[in-house]
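Student: Use these hints to put chain B onto chain A, whose structure you have.
Number of protein chains: 2
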Amino acid sequence: MSYTSEQLKGLSLFYKNQLLNNTITFWFPRSIDEEYGGYLFMRDADGSLIDDDKAVWIQGRGAWLLSTLCNTVEHRKEWLDWAKSGIDFLNKYGFDADGQMFFHVTRSGQPIRKRRYYFSETFAVIANAAYAKASGDEQAAEKARYLFGKCIEYSTTPGLLPAKFTKTRPTKGIGVPMIMMNTAQQLRETIGDPRCDEWISIWIEEIKNDFVKDDIKCVMEQVAPDGSIVDHIDGRTLNPGHAIEGAWFILHEAKYRNNDPELIALGCKMLDYMWERGWDKQHGGILYFKDVYDKPVQEYWQDMKFWWPHNETIIATLLAYTLTGDEKYARWHKLVHNYSYEKFHDKENGEWFGYLHRDGSLAQTAKGNMFKGPFHLPRQEWYCAQLLQGLGY
Amino acid sequence: MSYTSEQLKGLSLFYKNQLLNNTITFWFPRSIDEEYGGYLFMRDADGSLIDDDKAVWIQGRGAWLLSTLCNTVEHRKEWLDWAKSGIDFLNKYGFDADGQMFFHVTRSGQPIRKRRYYFSETFAVIANAAYAKASGDEQAAEKARYLFGKCIEYSTTPGLLPAKFTKTRPTKGIGVPMIMMNTAQQLRETIGDPRCDEWISIWIEEIKNDFVKDDIKCVMEQVAPDGSIVDHIDGRTLNPGHAIEGAWFILHEAKYRNNDPELIALGCKMLDYMWERGWDKQHGGILYFKDVYDKPVQEYWQDMKFWWPHNETIIATLLAYTLTGDEKYARWHKLVHNYSYEKFHDKENGEWFGYLHRDGSLAQTAKGNMFKGPFHLPRQEWYCAQLLQGLGY
Chain A
1 MSYTSEQLKG
11 LSLFYKNQLL
21 NNTITFWFPR
31 SIDEEYGGYL
41 FMRDADGSLI
51 DDDKAVWIQG
61 RGAWLLSTLC
71 NTVEHRKEWL
81 DWAKSGIDFL
91 NKYGFDADGQ
101 MFFHVTRSGQ
111 PIRKRRYYFS
121 ETFAVIANAA
131 YAKASGDEQA
141 AEKARYLFGK
151 CIEYSTTPGL
161 LPAKFTKTRP
171 TKGIGVPMIM
181 MNTAQQLRET
191 IGDPRCDEWI
201 SIWIEEIKND
211 FVKDDIKCVM
221 EQVAPDGSIV
231 DHIDGRTLNP
241 GHAIEGAWFI
251 LHEAKYRNND
261 PELIALGCKM
271 LDYMWERGWD
281 KQHGGILYFK
291 DVYDKPVQEY
301 WQDMKFWWPH
311 NETIIATLLA
321 YTLTGDEKYA
331 RWHKLVHNYS
341 YEKFHDKENG
351 EWFGYLHRDG
361 SLAQTAKGNM
371 FKGPFHLPRQ
381 EWYCAQLLQG
391 LGY
Chain B
1 MSYTSEQLKG
11 LSLFYKNQLL
21 NNTITFWFPR
31 SIDEEYGGYL
41 FMRDADGSLI
51 DDDKAVWIQG
61 RGAWLLSTLC
71 NTVEHRKEWL
81 DWAKSGIDFL
91 NKYGFDADGQ
101 MFFHVTRSGQ
111 PIRKRRYYFS
121 ETFAVIANAA
131 YAKASGDEQA
141 AEKARYLFGK
151 CIEYSTTPGL
161 LPAKFTKTRP
171 TKGIGVPMIM
181 MNTAQQLRET
191 IGDPRCDEWI
201 SIWIEEIKND
211 FVKDDIKCVM
221 EQVAPDGSIV
231 DHIDGRTLNP
241 GHAIEGAWFI
251 LHEAKYRNND
261 PELIALGCKM
271 LDYMWERGWD
281 KQHGGILYFK
291 DVYDKPVQEY
301 WQDMKFWWPH
311 NETIIATLLA
321 YTLTGDEKYA
331 RWHKLVHNYS
341 YEKFHDKENG
351 EWFGYLHRDG
361 SLAQTAKGNM
371 FKGPFHLPRQ
381 EWYCAQLLQG
391 LGY
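Listed in order, the protein sequences are those of chains A and B. Throughout the first sequence, residue numbering follows UniProt numbering, covering 1 to 393 in sequence. Throughout the second sequence, residue numbering follows UniProt numbering, covering 1 to 393 in sequence.
Don't read these hints as lab results, they were simulated from the structure. Heads up, a few of these hints could be off.
Put simply, identical chains are the same to the list, so a pair is met inside one copy or across any two.
[Unchecked claim] Think about it this way: if two alpha-carbon atoms lie no more than 25 Å apart in a straight line, the pair counts; the simulated DMTMM-like pairs of lysine to aspartate or glutamate are:
hint: 1; residue 1: 167; residue 2: 96
hint: 2; residue 1: 269; residue 2: 280
hint: 3; residue 1: 167; residue 2: 52
hint: 4; residue 1: 167; residue 2: 33
hint: 5; residue 1: 295; residue 2: 359
hint: 6; residue 1: 217; residue 2: 276
hint: 7; residue 1: 281; residue 2: 81
hint: 8; residue 1: 343; residue 2: 299
hint: 9; residue 1: 167; residue 2: 88
hint: 10; residue 1: 172; residue 2: 142
hint: 11; residue 1: 150; residue 2: 52
hint: 12; residue 1: 167; residue 2: 280
hint: 13; residue 1: 164; residue 2: 96
Okay, chain A solo, but in the shape it has when bound (with noise of 0.2 Å):
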């Protein structure tokens, strides 16, 4: 089964119309905080609040999609106008004396707390850089290269950030090459960097090498540093969703390089490996976790469908079906959007659900909270639109 043009131009549509009057519209205006600055996005299905803390992740998020919606889609003031909303707070409230960003403040931006981690930061960047487009602004285009600077540096220098585990038994993470990989590439696309495609290629290489195991046809979560399997139940634990957000962050890349060749086979076969670990070929559905021997993974929940992995194969499906014109490629899109859009899409209020059980039933109602907030789904409709439409759709 391949897709017609017609269909074709009716998916270009729908997600534009999904993005626009379902998605957008459960979260805008209702989320700007007027008192503070920022977004208040942590609500039930029906958008009532349900804390009005302030996830940092998910701020720099909001404000990255409001200012890509100006940059790609229309440029309307009021998005504008929010979107710097969500920058000043990040300027404001973002960041400690020590220059690390914050993971959790309240309402009116007092630290609650700080992580070990810089995805914070990784969000930052792409806000400021997408709103410096928008706007022109040049202090944010300074910020976004300044941090994408700081990413770099944490990403390479051992030991500057508090480590979680001691030096027994080091292991990578694929994390931290994929998503430098994206903040790169939406760095590039919105106020270009001249560091980005070196470095990309370095990820990129360093994802090929170390996580992609063509012997057993896996993509790893985690591996020692050497790029061997760790045999252990956390070096064991896949997350084949997370695997085939970076298969799509690959075959951007391709696109990006006049559909290199080798890129998109790198970007097809990760797919293909996680596609075949992880989707559930009895409900349905992409698996959240999966044992690379198939033994019990320590997370109780492994087998919960969450909402982004949906997300991200929608996106990687149909990327791989235009840059290839497999048909296993249209057949997979097809099979995870329709079950997607039956699933976790909310036909009362808009927006989509974030987890559900293995059998697809629903497993809590909120929309918004620390992790889930306006960015996996509406980044997917928005993605899949642009695709579309700049294929001729």
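Tutor: Chain B in isolation, oriented as in the chain A frame:
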């Protein structure tokens, strides 16, 4: 419905038989590490090893269990030898240079992770205390008393251990007074310690005054330092099985204090409040997390059924019934006992599975991992058998 004497005799035999011929035999002797000492507890349903790492909590819990069997069931030399193996391993490899204990070590005892909690220490207290009683080893007794003092110091000296959160919104958890109370009870009832009674009274007062909320019939998991409810997602999150564990620690204390009526009333109302909030009227079993105002909680897996809340609830309901004769508690005990031995118990291989979906279907097969090992289930079977035997059944 009350229990007849015959039924109580039947339960007494059932628990003892399960303990000795189904639960203990799953773990031992296969888990004894003849090469490095300590225990290899991370096992799949059939007993096969899934990881040879060692969780420090569970090394202590295992040594406690084996020593306790010697002290209360039968003085078997093999149990004492196996207990010594765990005690020796902890002494050799459990402690960092700063005196704090690790959380996770390799098979040979190399440290993998240290956490900012002192639960490893509390389990080392009860392990050493029980082992000292079983063996007469005075060094173990000293170690237990010394570590108990360290735990009191950690629990009463803000800033002594690194903080997870900033000082913006201070909270405290019921876990600290609960685990300290149980640690003191174990210490007192094995080798004795003059500090225990007074500290236990202090911790019970703290639970009664700050965590038990009669106006909304609830036991909070976290509160502000003054006992007020923190109306944010984390502050609202209840853990009914944990609160029910706290209830039976208090009922145990009531029994120790010649059936102190105030403590019986306190323990019973904690059980009443949290049975009402935690028991799943649709599928049976104890739900893992609930929001105090029935809003969504952060933890997406909040409606899963874990093994250990069921162990705690079996103990609490049986203890409440034997202390009060209230037939409600016999009815609840029967409900949770039947649910648990039907759903969690592995009829094929012995012991219990750890993790069920809300509907009671199996979520994953591990018998042992970083958090599960020979503790909650054998402690329940041991405690209930001892309780009934002590009452003449």
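Student: Hint by hint, say whether it matches the structure.
Tutor: Results for each hint:
| no. | hint | verdict |
| --- | --- | --- |
| 1 | 167 - 96 | between (27 Å within a copy, 14 Å between copies) |
| 2 | 269 - 280 | within (19 Å within a copy, 44 Å between copies) |
| 3 | 167 - 52 | between (39 Å within a copy, 18 Å between copies) |
| 4 | 167 - 33 | between (43 Å within a copy, 24 Å between copies) |
| 5 | 295 - 359 | both (21 Å within a copy, 23 Å between copies) |
| 6 | 217 - 276 | within (9 Å within a copy, 49 Å between copies) |
| 7 | 281 - 81 | neither (45 Å within a copy, 48 Å between copies) |
| 8 | 343 - 299 | both (23 Å within a copy, 20 Å between copies) |
| 9 | 167 - 88 | between (39 Å within a copy, 24 Å between copies) |
| 10 | 172 - 142 | neither (30 Å within a copy, 41 Å between copies) |
| 11 | 150 - 52 | neither (29 Å within a copy, 38 Å between copies) |
| 12 | 167 - 280 | neither (36 Å within a copy, 44 Å between copies) |
| 13 | 164 - 96 | both (20 Å within a copy, 15 Å between copies) |
In terms of the numbered hints stated before, the structure departs from hints 7, 10, 11 and 12, listed from lowest to highest.
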